[in-house]
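Using the sequences and the accompanying hints, generate a full structural model.
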Amino acid sequence: MDPMAAIRQTFFQECEEQLAELESGLSSMDGGAADSETVNAVFRAVHSIKGSAGIFALDDLVKFAHVFETTLDAVRSGRLAATSEVIKVLLQASDTLSDVVRAARGDGPADEAKTQKVVAELTRLISPGASASEPAAAKPAEAKPEPAMPAEKIWVISFKPRAALYANANEALPLLRELGRLGRTEVVLDDSALPSLNELDPEGAYFTWTVTLHSACDERAIRDVFEFVEDDCVLEISDQTADTAEFDPADLGEGFEFEIYAPGGEGVEFEIYAPSIDEPAVMPAAVEQAASGPVEAMAAKAESGAPVGATIRVDLDRVDRLINLVGELVINEAMLSQRVLEAGIARASAVVVALEELENLTREIQDSVMAIRAQPVRSVFMRMPRLVREVAAQTGKQVRLLTEGEGTEVDKTVIERIADPLTHMIRNAIDHGLESPEDRAAAGKPLEGTVKLTAVHRSGRIVLEVADDGGGINRSRVKQKAIEKDLISPDAQLTDNEIDNLIFLPGFSTAATISNISGRGVGMDVVRQSVQALGGRISITSVPGVGSTFSLSLPLTLAVLDGMVVRVGKHTLIVPLGAVIETLKPKAENVHALDAQQRVLSLRGGYIPLIDVAGALDYSDTPIDLANAVALLVEGEGGRRAVLLVDAIDGQRQVVIKSLEANYRAVPGIAAATVMGDGRVALILDIDNIVSVSRDGGRRTDGEAKEISFKSEMTHV
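Residue numbers (my numbering): -10 to 706.
Read the hints as simulated data drawn from the structure, not as lab findings. You may find that some hints are simply not true.
What the hints assert, rightly or not - Derived DEER-like restraints, expressed as beta-carbon distance ranges: (1) T402 - P98: 26 to 32 Å; (2) P98 - D180: 47 to 53 Å; (3) D409 - S478: 31 to 37 Å.
Glycine is no exception: its CB is placed at the ideal position from the N, C-alpha and C atoms.
Structure follows, in structure tokens:
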């Protein structure tokens, strides 16, 4: 790969992180947390994007980010109040900046008209006299007079980089440039620590810069310049306004001058004094005082402090390969344990003890490797505020998004695949769930509706909830629409829960007209398919007039699974443990036949479908003997329950998931496969599919599961 292309890719990855931080900060400001720390974080995000974009000559991105940054600087300095109107414009600018970044990356052109409109709005904020269509710079006379600036101070900054600063691709010159934008500067370079060429370490750091800054800025503004490198340097800042009144820069001796271009302003002149290597540096008393004791004390303190945490960027393919290899390690460890068990070695022997230690170590390695892919759902949650603003604007509704549990961690693969389902659900909550402002006012509700997005760990799974305080599901209308679209029969007797789940049927929609948001009958059925593909379940809780809550229950990872090992005839199957509610021993008097194939089990005053797993997978044509059978009460998608009949339960085990579709082909009723300790392949049941087919009276007749099970005795997927 071209080195510049790799650096460019890294830049855009960092842009995504900065945009997420920007979105988070603006959302906090919108919620009333417009403190200096939050505002500074927002400013730094835009400033970082602008600075790095200039390296790659991304002029459009630099220009827009510069206008955005100027407005944020006005908020940071207190010249512009962070009112709700201002924050609204800043949120629009954040969305536009995301579009401009994507355009710079080559993901399609940005909307130029929208960009110019946002630029005009930002300009209007900092220069109220400018028109909405003309930049304020064209009419400087109409702008309000600037407030009186504070008196100029003289700051002395001693800056000594460490080797880590250069190792992290930072340089001293850009920092000096930023200081030059704060005011007039005189810079003294101390190279007395520079060793001879034979002793020179190319990766070392030997220079110290002492900068005298004449500016009305405060110390915080100076420290902001060094914010990204402060841990990689020794920095001392002192106010020498009184002590350096008689200091003349001419006393520094001969030096050289250069000019640095500052966007939107005049060149910034620096005069740097560089003494020759043969003579020691001569500094004025004030500068010498600032660069002596305190700097050495800070260096000693930094050297004795805790090391700064570091991160590395690793290609995802390498992580996936590592996870696959660890999975194979787990399988081989299980095989070894099986061989030792079959050999009849005593449990107290040294071999078994060592094997148990290996098992614990293997499990710890597996957990650690899986944690590498675990990421907080914050990256998905950060996309939703923009979506809410866009849909709210299209529907004319006032919506506030609340998020909770952004730090909840889940496998990266799951994170990548839940973005679309959440997008559909939030759009649906705003468009169909929340009432119009007029209807909310008539119902005595606040004009602003609320959509709450929550993530939480529960029973070894991640549960995502999208809740709204709207009018709830209009069940009579839902049922009528389903009848009109021939999705159900007119005389169907459905419970409230069954009516609610009608919205997941393909082609179903209650929208009166087709719009950009809804009305085409796709959306919620896509949500259910996506959730099922992840091995998850979705359920609905709705109260008319109060609101609705959609809950997604998903596995934390798609690589390993906690399962219950069961035997069906001569075959070993895995039932996902998260779907098992309880195990029981069925009694013949509690089993009732509905027809030749379907039976139900009477349990706690209700009737639950009874599924013979051997028959459902075409393993056997003979019904299972209830006297010797074991029953598993399981719950599938939408809260539907069933009782699975198997021959025996062999225990619980965490298994490594192997894709059946990638290694063989998709099989109805089977979700995936795994390799057991004896080397044979065990199939993992697709609970939702088996339950839904059995409720419809279906039966597996293709024999694929049976065929795979027989092949698995000799095949390692």
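Hint by hint, here is what the structure shows:
1. Against the hinted window of 26 to 32 Å, the Cβ-Cβ separation of T402 and P98 comes to about 31 Å, which satisfies the hint.
2. Separated by about 49 Å at the C-beta atoms, P98 and D180 satisfy the suggested range of 47 to 53 Å.
3. Distance hint check: the CB atoms of D409 and S478 are about 32 Å apart, consistent with the given range 31 to 37 Å.
Hint compliance for this structure: every hint is met.
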